[in-house]
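Student: Construct the entire structure; sequences and hints are all you get.
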Amino acid sequence: MFKYFPHTEEDLQEMLKATGVENIHNLFDDIPEAARFKRDYELPEALSETDLRLFFNQLTAPHNTRQLVCFAGAGCYDHYAPSVVQNIIQRSEFLTSYTPYQAEISQGTLHYIFEYQSMIAELTGMDIANASMYDGATATAEAAIMAWNNAKKATRVLVSETLDPKIRRVVETYAHFNGFPIKLVPAVNGAIDRNALDQELAEGGVAGLIVQQPNYFGIVEDYTGIADKIHEQKGIFVVNANPSDLAILKTPAEWRADVAVGEGQSLGIPMTFGGPGVGYMACTEKLMRKIPGRIVGQTIDNRGQRAFVLTLQAREQHIRRQKATSNICSNQSLMALYVTIYLSLMGKEGLREVAEMSYAGAHCLRDKLVATGKFEDTFPGQPFFNEFCVDYEGDLDALLDECTANGYLAGITVGEKTLMLAVTEQRSPEEIDELVDIIQQFKTEEAKV
Amino acid sequence: MNRTLYGNLIFELSKKGRKGYSLPQDYDRAHTTAELPEALRRKEAARLPECDELTVVRHYTNLSHNNFGVNDGFYPLGSCTMKYNPIINEEIAGMKAFAGLHPLQPAVTCQGALEVYYNLQQSLAELAGLKEFTLNPCAGAHGELTGLMVIRAYHESRKDTGRTKVLIPDSAHGTNPASAAVCGLEVVEVKSLADGTVDVEHLRQLLNEMGGEVAGMMMTNPNTLGIFEPQVLEITAMVHEAGGLMYYDGANLNALLGECRPGDMGFDVMHINLHKTFSTPHGGGGPGSGPVGVREGLEQFLPTPRVNKIVVNCDGENEPYEWEGYVIDREADSALGSVGSFFGNFAVMLKAYVYILSLGSENIKQVGPLATLNANYIKECLKGDYLLPIGGLCKHEVVFDGLVDKSSGVTTMDVAKRLLDYGYHAPTIYFPLLFHESLMIEPTENESKETIDAFIDVMHKIAGEAKTDPELVKTAPHNTPIGRVDDVLAAKQPVTTYWKSIAES
Numbered sequence: 000m001f002k003y004f005p006h007t008e009e010d011l012q013e014m015l016k017a018t019g020v021e022n023i024h025n026l027f028d029d030i031p032e033a034a035r036f037k038r039d040y041e042l043p044e045a046l047s048e049t050d051l052r053l054f055f056n057q058l059t060a061p062h063n064t065r066q067l068v069c070f071a072g073a074g075c076y077d078h079y080a081p082s083v084v085q086n087i088i089q090r091s092e093f094l095t096s097y098t099p100y101q102a103e104i105s106q107g108t109l110h111y112i113f114e115y116q117s118m119i120a121e122l123t124g125m126d127i128a129n130a131s132m133y134d135g136a137t138a139t140a141e142a143a144i145m146a147w148n149n150a151k152k153a154t155r156v157l158v159s160e161t162l163d164p165k166i167r168r169v170v171e172t173y174a175h176f177n178g179f180p181i182k183l184v185p186a187v188n189g190a191i192d193r194n195a196l197d198q199e200l201a202e203g204g205v206a207g208l209i210v211q212q213p214n215y216f217g218i219v220e221d222y223t224g225i226a227d228k229i230h231e232q233k234g235i236f237v238v239n240a241n242p243s244d245l246a247i248l249k250t251p252a253e254w255r256a257d258v259a260v261g262e263g264q265s266l267g268i269p270m271t272f273g274g275p276g277v278g279y280m281a282c283t284e285k286l287m288r289k290i291p292g293r294i295v296g297q298t299i300d301n302r303g304q305r306a307f308v309l310t311l312q313a314r315e316q317h318i319r320r321q322k323a324t325s326n327i328c329s330n331q332s333l334m335a336l337y338v339t340i341y342l343s344l345m346g347k348e349g350l351r352e353v354a355e356m357s358y359a360g361a362h363c364l365r366d367k368l369v370a371t372g373k374f375e376d377t378f379p380g381q382p383f384f385n386e387f388c389v390d391y392e393g394d395l396d397a398l399l400d401e402c403t404a405n406g407y408l409a410g411i412t413v414g415e416k417t418l419m420l421a422v423t424e425q426r427s428p429e430e431i432d433e434l435v436d437i438i439q440q441f442k443t444e445e446a447k448v
Numbered sequence: 000m001n002r003t004l005y006g007n008l009i010f011e012l013s014k015k016g017r018k019g020y021s022l023p024q025d026y027d028r029a030h031t032t033a034e035l036p037e038a039l040r041r042k043e044a045a046r047l048p049e050c051d052e053l054t055v056v057r058h059y060t061n062l063s064h065n066n067f068g069v070n071d072g073f074y075p076l077g078s079c080t081m082k083y084n085p086i087i088n089e090e091i092a093g094m095k096a097f098a099g100l101h102p103l104q105p106a107v108t109c110q111g112a113l114e115v116y117y118n119l120q121q122s123l124a125e126l127a128g129l130k131e132f133t134l135n136p137c138a139g140a141h142g143e144l145t146g147l148m149v150i151r152a153y154h155e156s157r158k159d160t161g162r163t164k165v166l167i168p169d170s171a172h173g174t175n176p177a178s179a180a181v182c183g184l185e186v187v188e189v190k191s192l193a194d195g196t197v198d199v200e201h202l203r204q205l206l207n208e209m210g211g212e213v214a215g216m217m218m219t220n221p222n223t224l225g226i227f228e229p230q231v232l233e234i235t236a237m238v239h240e241a242g243g244l245m246y247y248d249g250a251n252l253n254a255l256l257g258e259c260r261p262g263d264m265g266f267d268v269m270h271i272n273l274h275k276t277f278s279t280p281h282g283g284g285g286p287g288s289g290p291v292g293v294r295e296g297l298e299q300f301l302p303t304p305r306v307n308k309i310v311v312n313c314d315g316e317n318e319p320y321e322w323e324g325y326v327i328d329r330e331a332d333s334a335l336g337s338v339g340s341f342f343g344n345f346a347v348m349l350k351a352y353v354y355i356l357s358l359g360s361e362n363i364k365q366v367g368p369l370a371t372l373n374a375n376y377i378k379e380c381l382k383g384d385y386l387l388p389i390g391g392l393c394k395h396e397v398v399f400d401g402l403v404d405k406s407s408g409v410t411t412m413d414v415a416k417r418l419l420d421y422g423y424h425a426p427t428i429y430f431p432l433l434f435h436e437s438l439m440i441e442p443t444e445n446e447s448k449e450t451i452d453a454f455i456d457v458m459h460k461i462a463g464e465a466k467t468d469p470e471l472v473k474t475a476p477h478n479t480p481i482g483r484v485d486d487v488l489a490a491k492q493p494v495t496t497y498w499k500s501i502a503e504s
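So the protein lines, in turn, are chains A and B.
Heads up, the first sequence is in numbering that gives the first Met the number 0, so the first residue is 0 and it goes up one at a time.
Heads up, the second sequence is in numbering that gives the first Met the number 0, so the first residue is 0 and it goes up one at a time.
Keep in mind that the hints were calculated from the coordinates and are not lab data.
Hints are supplied without guarantee of correctness; some may be wrong.
[To be verified] Covered, in the sense of this in silico footprint (three residues per stretch, anywhere, with C-beta under 8 Å from a C-beta of chain B), are these stretches of chain A:
#	segment
1	10-17
2	241-247
3	310-323
4	336-345
No residue lacks a Cβ here, since even glycine has one placed at the ideal position from N, Cα and C.
Tutor: So this is what it looks like as structure tokens:
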């Protein structure tokens, strides 16, 4: 038998006898003949562990999977994580358990989710946070649905053009099938157009507005006064914020947001080709019973001990079925554990230090790129955090290819001429200088095709 | 597992001035965040814990000791397929080369990752008997929603916009109707017969009444009672006849590996829970992965991004050659859109692919039979003490309706809690809703006869205790870090953050 199957021939015979079935395949006699699968799967034969390792070593050889020095962001960032994080994550008591339905033997999971919720609430300034969601994009889409369901006579949900287009696409997809319109509020110089927003609001019927901070282009926008205007028509103000930057930046609560959402990958989770990350969602106490997803709450047990348990479940699908606040069932629990351990280690000072280093690095790189004379600011005068856009005078694709050939992922193109670069605390001054050097020396005619 | 409560919160171990990280100090400090206008900065620093490294390591290690996972013991949680999560899966998924990949880096620099992605898509298609899969959805419920979007996009493309209803058996998982609602569909319940299978006559009646409004039907097969729907071929034919599509909820796919494929039963769209059938760990509730597959003709309704295989004819320096490789289609003309920022939970896909390669064609086909044998063995051995409402063959799981002898007042909840004392995870309880005292046991193919026999012995023992000492069972668990919790208090006065907890104490 295969190593994951413990059944000996003797076991099989005894069990079949107890079951009253002659042959193991007779257990499937209730399946109509026409639906039975009678051939072998067209899949490779079993690989030994040795062969598996060889196979994956080949797949990850440099010509197949290349590690680049990462100056790309756009929703996924190459941040430092202490080695403790990955080590604890692998503890099988966390890894191989399921949703903590049986609180008596799940206090480990319930405790860390409670800690996670507390940390997210503290970073965003919001009253409560749920136990996490799939990713930042789906969390934002769920917030849009929340806004729509909360509104009485609304006609649309507004989305700022400075929201990451990948997130916007998910919001639009959810909204389309759920059955409500999304209206895009245009941008001026990389920030939401306040006049256009005012016009939209003057028309009334706004269920909510979704903005991002820092926005897709890395700009830190000033959202002063927006919440009041949304609240005047009983709409919901949703701020999608990078939680890592909230060590420094004004919190969604300080912007008077009703719902804060975002992607938590920056908080200790490796990039791993974009997933898994973790979506977070936090809201005001007023919206507590409208938030989707799991929530852990504090209580006591029958021995008088403080204990934690899944709570407010009357919102959820396994109780409310089609009347639930969402169809979400599981959270992204283990990824929330990454975030919790990371924030426990980095703490109050570490997260600020990460933010300062990333900010300093990005501004230094921007200065050096502009100083080459080949770039200019895409959005002049706009404050940014650790990601920024610059316009390139030459062939941008050729420039990026050159950087890739030298082992650098020099950012993401966000238009024909515009390059968006992100810097984290992982990028050394030497790497920044080398990237500038490669770009400085690049001449379009030398580009390799 | 440590049966004494550890109980601390990290905030309670914090002391000003401690830290658990180290960062390089040599960087250009020409710019600081003090440059940002004050209006853009937070007023007060976030109250995150301040702890040294060992304190953090011990804290989470101690917390883990108050948790029970598959590696700790038998976990017969019905409907969740708590199979063994192979260690080699973790080793491969943890390879630095994968962990360091940015999702937007050029396809030529990540061919290895794309090969895994593409081959997993193809492998799932073969196992499901369908044409093409997307791996974008992050969980089973996310897959359901995506699959229903596919169905709606299909009808929209035909301008058949009146199809706003979805048929769902009353025995379905709660996620089915919830996903339908999020997808803007109206749920119509199909009744079950006394034996727990779909009432085909009721279905026929519904289709006669509203066939033109039916977008499709969602079905779990084997159903949530662990019973194979014997009339599945008639059902899929009837719904197709009415112009609807058939959705297969892959929650219970494990039973069928090697014996039956959803595509061959007539299903058009389905999701697979990689964290159930393909051995990836549940992680305390995620991350999962819920790939969605479709039959031929529906591929264009799958979400983007997609990974495709291409062959390109290249001019070589000396002679032309063919380049075979993988490309990322980020914004294909999908009628559906996108359901996530990037590709989905790639690390989870890696684990599932390692599992498929480890088992290979010859061992995957053993999964369904062995899982089903284990479940039927438990059914036969326990039916004297536990009420078996539906006889005959079950598939990968079996549902009892509490104890046969209910005179002591011992409930399914009590039996479940008493199991914890004996070192087992409880089965799924009070689901499916068809019975009052549902107790749903799913053993998976990985459990040995010895493990199962020991579990059966304990189940008999608890049935005995219910007669001789019912209070012992009703007050269980006794041997766990905490006793039964006050759920009402938690919901009535919700304390969901540490801040609220200290404000109120």
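Student: List in ascending order the numbers of the hints, as given earlier, that are violated by the structure.
Tutor: Failing hints: none at all.
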